[in-house]
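Enquirer: So you can see what is in the structure, the chains are spelled out below.
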Amino acid sequence: MTFKQYKWTAMIMSFLLIVACSSSRQANHLNGAQSGQVETAGLGAPPRFPGTNAGMLNPQTGEKYNTVYFKFDSNIIENQYMALIRANADYLKAHSSAKLRLEGNTDPRGSREYNIGLGQRRGNAVADALEVMGISRSQLIVVSYGKEKLAVSGDTEADYRLDRRVEMIYESR
Amino acid sequence: MKHQLLKWLLIGYFFCQNITAAYAVLDLELTKGVDSAIPIAIVPFTQHGQNTKIPVDVSDIIGQDLVNSGRFSLLDKQLSNSNANTNYSSKIDLNFWRRKNVENVVTGAIQLLGDGNYKVMYTLFDLYKSRGNDLAVENQAIIRQEFTVKSQQLRSLAHHISDQIYQALTGDKGVFSTQIAYVLVRRDPGEPTQYLLEVSDIDGYNPQTIMRSNEPIMSPSWSPDGKKMAYVSFENKRPRVYISELATGKRQMVTSFPGINGAPAWSPDSKQLALALSKGFNPNLYILDLATKKLTQLTTGLAINTEPQWTPGGQSLLFTSDRGGTPQIYRINLANKVIERVTYDGRYNTTASLSPDSKIMVFLHRTDRGFNIATLNTENNNLQVLTQNGFEESPSFAPNGRMIVYATQYGDHGVLGIVSADGRIKLRLPSKNGSVQEPAWSPFRQ
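Heads up: the sequence lines are chains A and B, in that order. Using my numbering, you'd call the opening residue of the first sequence number 1191 and step up by one each time. Using my numbering, you'd call the opening residue of the second sequence number 35 and step up by one each time.
Isolated chain A, as found in the complex (with noise of 0.2 angstroms):
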């Protein structure tokens, strides 16, 4: 392990400290406050920040870390994205004035103002299954880039389903 690759580590570890302690503050502060409402998710281990390698790509799959993908001309969640945006509710959950920001972007193919409509209705139906959650709106900023930021840049099929996606990052924590 070379200084740099230690030196991010330790970054990483410390911050994942931070916020496990200050996440379980959080939540028991939430139970205290609202005793009616019963919370069966996220009472046994405190909701870890599922933002800490937004933008880095996971060299197994090339994919964004925080990141939902979308099939062809999809808005249409896939099952195994699930567990994903129900740990980031679960963050937002216990830190009410963390702020989500959800990009949608869509691949290179067509009309750049239309795919703009594309990337907005992907980011929205991210926000959607976070409201259904029971996530608060004025948590989530939903932002399309339609196909002005690609993740790849090339034009076969794998580089367009990288292109499709939603990803999502926090503006506070």
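Simulated from the structure, these hints should not be mistaken for lab results.
Straight line, CA to CA, 25 angstroms or less: simulated DMTMM-like cross-link-like pairs of lysine to aspartate or glutamate: (1) A:LYS1254 / B:GLU225; (2) A:LYS1261 / B:ASP402; (3) B:LYS271 / A:GLU1361.
Coverage of chain A stretches by chain B, computed from C-beta distances (three or more under 8 angstroms per stretch; other residues unrestricted): (4) 1289-1301; (5) 1307-1321.
Just a sample of chain A residues kept apart from chain B, beta carbon distances all over 12 angstroms, derived: (6) MET1246; (7) THR1251; (8) GLY1252; (9) TYR1255; (10) MET1272; (11) ARG1276; (12) ARG1351; (13) ASP1353; (14) ARG1363.
All C-beta atoms in this analysis are idealised placements derived from N, C-alpha and C, irrespective of residue type, glycine included.
Since the structure of chain A is provided, determine the placement of chain B on it from the hints.
Expert: Only chain B this time, still in chain A's reference frame:
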């Protein structure tokens, strides 16, 4: 004919390589001309007065302009030169030029004046204006003009002369003095991506940056008087519509609603801006009164409604909507808000706008060969696909309605293409430094 064209292309190419590297981002390159191009000779302009080198080769620029229009074929430069007058005069050797099979000849002269200004004179001859050999050569002149300009105006004067020649010989207004706005995207390794909103002459010279950002810039739209530009900027991670004054660079934010603020389009009277706002949901069309800031919503519902473009008279808007399941072009009548579908051919039609005479609609049309630029004749509903690359987008009409500029891919980066509205002439404007996208052709200079 074919050889001459090729030769000229090569000469033009090397000329560009040597001279323009310093300040032209885009170079025109004719990829397909018309067979019936008008043969013309541009005699290199003679220089009078002191032996100072004239900073701009005016006659060469005129020649390039006319060739790049696709409607002219130039006589070889050497041939033109061999009969050049040592003194510019009103006479030319009619029979010499007729034997060269040209129909038109341009001669001219440039003189450096004592005050540092330049006097430029030129004559356009039509060899077949009057038939018969006994007619005076002077009678064949159809334009004879004289200008006095500063040295930095020589280039735009050359374009102005090209406009005059083009109009005299084709009957259409020339667009050599117009400009294009476009977004230039630079992805330099190790650097954050840069987005630049730029305006250049139509031949790629004089690129000027209006704004620069590390976040995307989209959808430049010229005000009808050519003095302002509306566009979308994602600075601070939110899309906002801005208007910049081109002369001063002064800008104002126009809309900043939650969600989409996009697709601005000026009304023909410059008083209103049509745009797409999502306000947290799906994009719908709105009209913003620029003086009163009053916002009027035009469409409702859960479909995507975007890309409004005013019809030339200002009575209605064309727009893109997927209300029918696939993106298609619709038209909304602004008086009674009635919406009618315009395109039925194909499953993907977007980004429509009308020619200034309303006779042709240009739009992005998907076929089994990808996304291409197509036109619809509004009188007989005839659809014509103009390009074949498959990666096209963002078509924009020239103010004379004869040409369309659009974005496409060449190699792995974005370039601009120009195609005549009838599909017979094609030009490419390759970019030297980055990807060029979202061209918007300026109105005529006022």
